[in-house]
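Visitor: Given the coordinates of chain A, assemble chain B onto it according to the supplied hints.
Read top to bottom, the protein sequences are chains A and B.
Sequential numbering of the first sequence, starting at 1, is according to our numbering.
Sequential numbering of the second sequence, starting at 1, is according to our numbering.
Mixed in with the good hints there might be a few duds.
To be verified - If you anchor each label on the Cβ, the simulated ranges turn out as follows:
hint : chain 1 : residue 1 : chain 2 : residue 2 : range
1    : A       : 273       : B       : 223       : 34 to 44 angstroms
2    : A       : 61        : B       : 401       : 46 to 56 angstroms
3    : A       : 123       : B       : 223       : 48 to 58 angstroms
4    : B       : 280       : A       : 194       : 40 to 50 angstroms
5    : B       : 97        : A       : 51        : 56 to 66 angstroms
6    : A       : 60        : B       : 90        : 53 to 63 angstroms
To be verified - Mimicking EDC-like on lysine to aspartate or glutamate, the simulated pairs with C-alpha atoms at most 20 angstroms apart in a straight line are:
hint : chain 1 : residue 1 : chain 2 : residue 2
7    : A       : 358       : A       : 417
8    : B       : 50        : B       : 64
9    : B       : 337       : A       : 417
10   : A       : 337       : B       : 28
11   : B       : 364       : B       : 417
12   : B       : 364       : B       : 419
None of these hints come from the bench; they were simulated from the model.
Ideal Cβ placement from N, Cα and C applies to all residues, glycine included.
Number of protein chains: 2
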Amino acid sequence: MTSPLRLGIAGIGTVGVGVIRIVQRHADMLTARSGRPVTISAVSARARNKDRGVRLGDYAWEDDPVTLAGRDDVDVFVELVGGDTGPAKDAVEAALKAGKDVVTANKALLAHHGQALAELAEANGAVIRFEAAVAGGIPCIKALGEGLSGNEITRVMGVMNGTCNYILTRMESAGLAYDTVFQEASDLGYLEADPTLDVGGIDAGHKLALLASLAFGCQVDFDGVALEGIERIAIDDINHAADMGFRVKLLGVAQMTGRGLEARMSPCLVPASSPLGQLEGATNMVVLEGDSVGQVVLRGAGAGEGPTASAVMGDVMDIARGIRLPTFGRPAASLAKPKRADANVPAPFYLRMVLTDKPGALAKIASCLGEAGISIDRMRQYDHAAGSAPVLIVTHKAMRQSLDSAIAAMSGTGVLESDPVALRIEDV
Amino acid sequence: MTSPLRLGIAGIGTVGVGVIRIVQRHADMLTARSGRPVTISAVSARARNKDRGVRLGDYAWEDDPVTLAGRDDVDVFVELVGGDTGPAKDAVEAALKAGKDVVTANKALLAHHGQALAELAEANGAVIRFEAAVAGGIPCIKALGEGLSGNEITRVMGVMNGTCNYILTRMESAGLAYDTVFQEASDLGYLEADPTLDVGGIDAGHKLALLASLAFGCQVDFDGVALEGIERIAIDDINHAADMGFRVKLLGVAQMTGRGLEARMSPCLVPASSPLGQLEGATNMVVLEGDSVGQVVLRGAGAGEGPTASAVMGDVMDIARGIRLPTFGRPAASLAKPKRADANVPAPFYLRMVLTDKPGALAKIASCLGEAGISIDRMRQYDHAAGSAPVLIVTHKAMRQSLDSAIAAMSGTGVLESDPVALRIEDV
Chain A
1 MTSPLRLGIA GIGTVGVGVI RIVQRHADML TARSGRPVTI SAVSARARNK
51 DRGVRLGDYA WEDDPVTLAG RDDVDVFVEL VGGDTGPAKD AVEAALKAGK
101 DVVTANKALL AHHGQALAEL AEANGAVIRF EAAVAGGIPC IKALGEGLSG
151 NEITRVMGVM NGTCNYILTR MESAGLAYDT VFQEASDLGY LEADPTLDVG
201 GIDAGHKLAL LASLAFGCQV DFDGVALEGI ERIAIDDINH AADMGFRVKL
251 LGVAQMTGRG LEARMSPCLV PASSPLGQLE GATNMVVLEG DSVGQVVLRG
301 AGAGEGPTAS AVMGDVMDIA RGIRLPTFGR PAASLAKPKR ADANVPAPFY
351 LRMVLTDKPG ALAKIASCLG EAGISIDRMR QYDHAAGSAP VLIVTHKAMR
401 QSLDSAIAAM SGTGVLESDP VALRIEDV
Chain B
1 MTSPLRLGIA GIGTVGVGVI RIVQRHADML TARSGRPVTI SAVSARARNK
51 DRGVRLGDYA WEDDPVTLAG RDDVDVFVEL VGGDTGPAKD AVEAALKAGK
101 DVVTANKALL AHHGQALAEL AEANGAVIRF EAAVAGGIPC IKALGEGLSG
151 NEITRVMGVM NGTCNYILTR MESAGLAYDT VFQEASDLGY LEADPTLDVG
201 GIDAGHKLAL LASLAFGCQV DFDGVALEGI ERIAIDDINH AADMGFRVKL
251 LGVAQMTGRG LEARMSPCLV PASSPLGQLE GATNMVVLEG DSVGQVVLRG
301 AGAGEGPTAS AVMGDVMDIA RGIRLPTFGR PAASLAKPKR ADANVPAPFY
351 LRMVLTDKPG ALAKIASCLG EAGISIDRMR QYDHAAGSAP VLIVTHKAMR
401 QSLDSAIAAM SGTGVLESDP VALRIEDV
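Excised from the complex, chain A in its bound form:
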């Protein structure tokens, strides 16, 4: 029996409690699988005397996660504090400087400081593992970084914010408006304190930035992810999409193109019969595409105590077993700054708009599209009332940039009642 692997856990919220439960419940199993005991030396959280329903008395207590990270009896610093600055960042840096390995669920921290932290880890002979930061319990970081390491990755996609997928599928199944379901999700405690992190696509964008770095061997570039939230999706969009055999998903797509790395997190239409289209509720899905493997689809719980703790423990077990890989799959110094694509891969687009009910309005819209070089695949005008006319257009493949200039031109015609909703139809 070799020496135990000793954890220091900072942050004892839902996930921290889950990790402690696994270590306590499955001590023998973890030892049998890794060849050494996995133990907890010390923990840290904001409130010491809170009842968390889990036994903490055997562990040393530290008020300050930075102190915890530096303890001599901690081999692996498990960071479950959250946030891209402040104590989480300070403590991770302290752990790495002390040569300790880090396991984290903190997507924001790595999305903003991944490159610097990876360099710091390597300079100190430490590793950073972050399976729990992306798509909860789905072992997608391992699948991408290890299982598919013989592939040139061609595209990575994911529905990685369970709250957004819950909102969109609930709108469809119950026929409810966005605002109503947003309020429901809020009441159920599904939303972050700042809901923009969820519905604005930021949280999912963090995850996509991490996947893209690993997939394409480049530095994490969260600022290069084009973000668009689901706030403007109306029940009409969901119904129109369904009529045409599509579903609306907040979909992340990263792909290396001849024009650079294209990364975007935005509401898209995907075929209702595809695995992504069939994804219901808060479940997450990650789609990995490689030149040899083709398409691999991974599906599972994206959040919650058990699934996220499972991912944390997968990383802890890897470290216990001596698996030591660079943070983003290759040495940090060899990760190039990604060239951001100056244009997106063309796709068909779904456009919904409301026109003033005047003669020639539709002709003006069509001519704006034509002048931008965009041809129309289908168009539908719905019943209208009170002088305005809802119109639905599906274009042939077009560049997003061309579409944006067409939309800008439409605004100048005076026939639009409000800004059109434009959704990419992704070929998944």
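Guide: Chain B alone, transformed into the frame defined by chain A:
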């Protein structure tokens, strides 16, 4: 730059060519990701002068895979010969005895000799990796053995024979009889030389035995897998199942119960709306369930040059990166012989039978079920012709053993025209 990892590849069929192509095409990428070059020293196959569409001139040639396995310039023996005896087994043993690591796609070899080979590997400080042996390109061995290693695994399921899934989904979509589609699959070259390996569930059973060993920390026990093929599935079964919202799949299930390890590979009904139910064509799916993670679903190509070579290279890259784990997730000596479950977990069953069209026939059948303690959930009698009556019964939850005794009793009544088809309805 550390020293290259040198491969010796035995078997240059579809998968071998795929592996060689990856090594040739992606030399720089593999080096960047693993920190060392991956090279091929020598190859071996039955026919030397066959045009395989790939450049072999740089590699030494061996007629005998055993000699290849022993070469000084080979670090990893890649076994793509196939078969559970003969040259594949001899060469793998030779490689392990020489302390060389083995990467294999050979499910039959490991299903029959996994324990002995794992012991041999450990005695010689070598590792065996077999991602390519289970579900082709899907990194399910890695997900189960590493990613979910913080979980007590509660159940593992899989549709892992693409040919069978092709046959079953093609029967449904084209409304064709089993024999017709079987012939199509044969003409398309989808079937093994001995088609029983596919349609009899043997190939998929091998894979399930490997997953079960890894999932439950026990010795591989292929003989403990209850095998049932798809040969008796009629288009009627598929249509009746569809009417009730189900699809028929050749489904492998392994779970640890209070009565021991239950492992079976058999045609089952699964909800049409579940990920397993939605799986079309030759695609594979593996479902992993753990006490913390819940359900993780993995989907991808189960065979073919690229996907299988991707899995082989994933293993090669792990070895290049210094990842060295016991074959079945824990030391071979600690793997217990599994106690085989003496009874299956109860489930509802679908029963189809043809009765002689005589008064009281149905009553006799119903009473056979009643006497075995099985209650009927639904029953349907179809139009009949020429003196016989097709009957469809769905039972409430029952033990398979009880059902078998009911069916035996039915045979004694003289009202059955032929043996009933009984399919488990799996709760997926």
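Visitor: Look at each hint and say if it fits the structure.
Guide: How the hints compare with the structure:
no.	hint	result
1	A/273 / B/223: 34 to 44 angstroms	40 angstroms, holds
2	A/61 / B/401: 46 to 56 angstroms	55 angstroms, holds
3	A/123 / B/223: 48 to 58 angstroms	53 angstroms, holds
4	B/280 / A/194: 40 to 50 angstroms	41 angstroms, holds
5	B/97 / A/51: 56 to 66 angstroms	58 angstroms, holds
6	A/60 / B/90: 53 to 63 angstroms	56 angstroms, holds
7	A/358 / A/417	12 angstroms, holds
8	B/50 / B/64	16 angstroms, holds
9	B/337 / A/417	72 angstroms, violated
10	A/337 / B/28	18 angstroms, holds
11	B/364 / B/417	14 angstroms, holds
12	B/364 / B/419	15 angstroms, holds
Hint compliance for this structure: hint 9 alone is broken.
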